[in-house]
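Student: Using the sequences and the accompanying hints, generate a full structural model.
Going line by line, the protein sequences match chains G and F.
Each residue of the first sequence is one higher than the one before, starting from 501 at the first, in the working numbering.
Each residue of the second sequence is one higher than the one before, starting from 4 at the first, in the working numbering.
Derived by calculation from the structure, the hints in this document are not laboratory data.
In this text, a Cβ means the ideal position worked out from N, Cα and C, and glycines have one as well.
Keep in mind that the hints are not guaranteed to be accurate.
These stretches of chain G come out as covered by chain F in the derived footprint (C-beta under 8 angstroms, 3 or more residues) [claimed, not checked]: (1) 548-557; (2) 585-591.
Have a look at the derived ranges for each label pair, beta carbon to beta carbon [stated by the list, open to error]: (3) G:Glu576 <-> F:Ala37: 38 to 48 angstroms; (4) G:Lys580 <-> F:Glu45: 30 to 40 angstroms; (5) G:Glu596 <-> F:Glu64: 18 to 28 angstroms; (6) G:Ser528 <-> F:Arg63: 32 to 42 angstroms; (7) G:Arg577 <-> F:Lys48: 30 to 40 angstroms; (8) F:Lys70 <-> G:Pro551: 11 to 21 angstroms; (9) F:Asn74 <-> G:Ala570: 21 to 31 angstroms.
Some chain G residues flagged as far from chain F (calculated, every beta-carbon gap over 10 angstroms) [what the hints assert, rightly or not]: (10) Thr527; (11) Thr582; (12) Ala594.
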Amino acid sequence: MRRYESVIILDPEIPDEEIQGFTEKFTSLIKTSGGEIIKIEDWGAKKLAYPVKKRDRGRYLLLDFVGLPALIAELERQFKITEEVMKFLSVKVADEVDLGAFTAAEKPEASAAEPEPPAAPEQATAASAPEKLESVQASSEPESQPTTGDARSDAPLISAEPMEHGIE
Amino acid sequence: MTVAKPQKRRSFPRSKVCRFCADSSLRMDYKEPAILRAFITERGKIIPRRISGNCAKHQRELTTAIKRARNIALLPFTVPKR
Numbered sequence: 501m502r503r504y505e506s507v508i509i510l511d512p513e514i515p516d517e518e519i520q521g522f523t524e525k526f527t528s529l530i531k532t533s534g535g536e537i538i539k540i541e542d543w544g545a546k547k548l549a550y551p552v553k554k555r556d557r558g559r560y561l562l563l564d565f566v567g568l569p570a571l572i573a574e575l576e577r578q579f580k581i582t583e584e585v586m587k588f589l590s591v592k593v594a595d596e597v598d599l600g601a602f603t604a605a606e607k608p609e610a611s612a613a614e615p616e617p618p619a620a621p622e623q624a625t626a627a628s629a630p631e632k633l634e635s636v637q638a639s640s641e642p643e644s645q646p647t648t649g650d651a652r653s654d655a656p657l658i659s660a661e662p663m664e665h666g667i668e
Numbered sequence: 004m005t006v007a008k009p010q011k012r013r014s015f016p017r018s019k020v021c022r023f024c025a026d027s028s029l030r031m032d033y034k035e036p037a038i039l040r041a042f043i044t045e046r047g048k049i050i051p052r053r054i055s056g057n058c059a060k061h062q063r064e065l066t067t068a069i070k071r072a073r074n075i076a077l078l079p080f081t082v083p084k085r
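Tutor: Laid out in structure tokens, this is it:
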């Protein structure tokens, strides 16, 4: 068993109920092949760095799961078939994962992450363009990696000056 | 001529320490474009190690992280001239 992460970008216009349908569809797909979902994160609608399928925005969904390599092939086939999926990326996080460890210990975490998402996209659409990205990120930050909060805020400061000079 | 060169170099001091080595809480992740943005130019290019001061190991990880982030439209491949 291996641990994978799939980020999928969905059409931003589809309603929340349908998003729920998609997550269920992919969850059942993973489970029927003997894998296990660790967590599902909904990052809400974000502005894309470049247009995808002529759209400037996309709804991001992160699937964190354990499964066999053959599962990825099937999952990606499904992503391609599903028209609402604009783009996807699957990454192997770890080799040789023990499935039992996740099914027992990480279950409460997975259920805690799910009820949260619907709130985030609502806020995002209400705010103005530059704020949008930040508000979505801010809402997802605390649960993912609280320790890196400080480091991120000073990141642009250090880089800005020496690099510009260097390019010249 | 020979005098001018070192002076020129001194004018832009660069950080010689790899920021990822110095700060272990700073982790690069393709899902965190905010961190990665510090290591790309305004035009979206990856900043070379010689300028950013990253160590080889972290630069390699950074490169894959940036490329992954580009793939899911979190970072741009190019930023067109206005």
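Student: The structure should be examined with respect to each hint, and the outcome stated for every one.
Tutor: Evaluation of the provided hints:
1. Counting residues of the segment 548-557 of chain G whose C-beta sits closer than 8 angstroms to any C-beta of chain F gives 4, which meets the bar of three, so the coverage hint holds.
2. Only when three residues or more bring their CB closer than 8 angstroms to a CB of chain F does the claim for the segment 585-591 of chain G stand; here the count is 4, and the claim holds.
3. A C-beta distance of roughly 28 angstroms is found between G:Glu576 and F:Ala37, which places it outside the suggested range of 38 to 48 angstroms.
4. For the hinted restraint 30 to 40 angstroms between G:Lys580 and F:Glu45, the CB-CB distance of approximately 34 angstroms keeps it satisfied.
5. Our hint of 18 to 28 angstroms for G:Glu596 and F:Glu64 holds, since their Cβ atoms are close to 21 angstroms apart.
6. The supplied range of 32 to 42 angstroms is met by G:Ser528 and F:Arg63, whose beta-carbon atoms lie about 38 angstroms from each other.
7. Evaluation of the 30 to 40 angstroms hint for G:Arg577 and F:Lys48 yields a pass: the beta carbon distance comes to about 34 angstroms.
8. Remark: the range hint 11 to 21 angstroms for F:Lys70 to G:Pro551 is upheld by a beta-carbon distance near 19 angstroms.
9. In this structure the hint that F:Asn74 and G:Ala570 lie 21 to 31 angstroms apart at CB holds, the actual value being about 23 angstroms.
10. G:Thr527, annotated as away from the interface, keeps every beta carbon of chain F farther than 10 angstroms; the closest lies near 20 angstroms.
11. Residue placement check: G:Thr582 keeps its beta carbon more than 10 angstroms from all beta carbons of chain F (closest about 16 angstroms).
12. The beta carbon of G:Ala594 sits about 14 angstroms from the closest Cβ of chain F, which is more than 10 angstroms, so the claim that it is off the interface holds.
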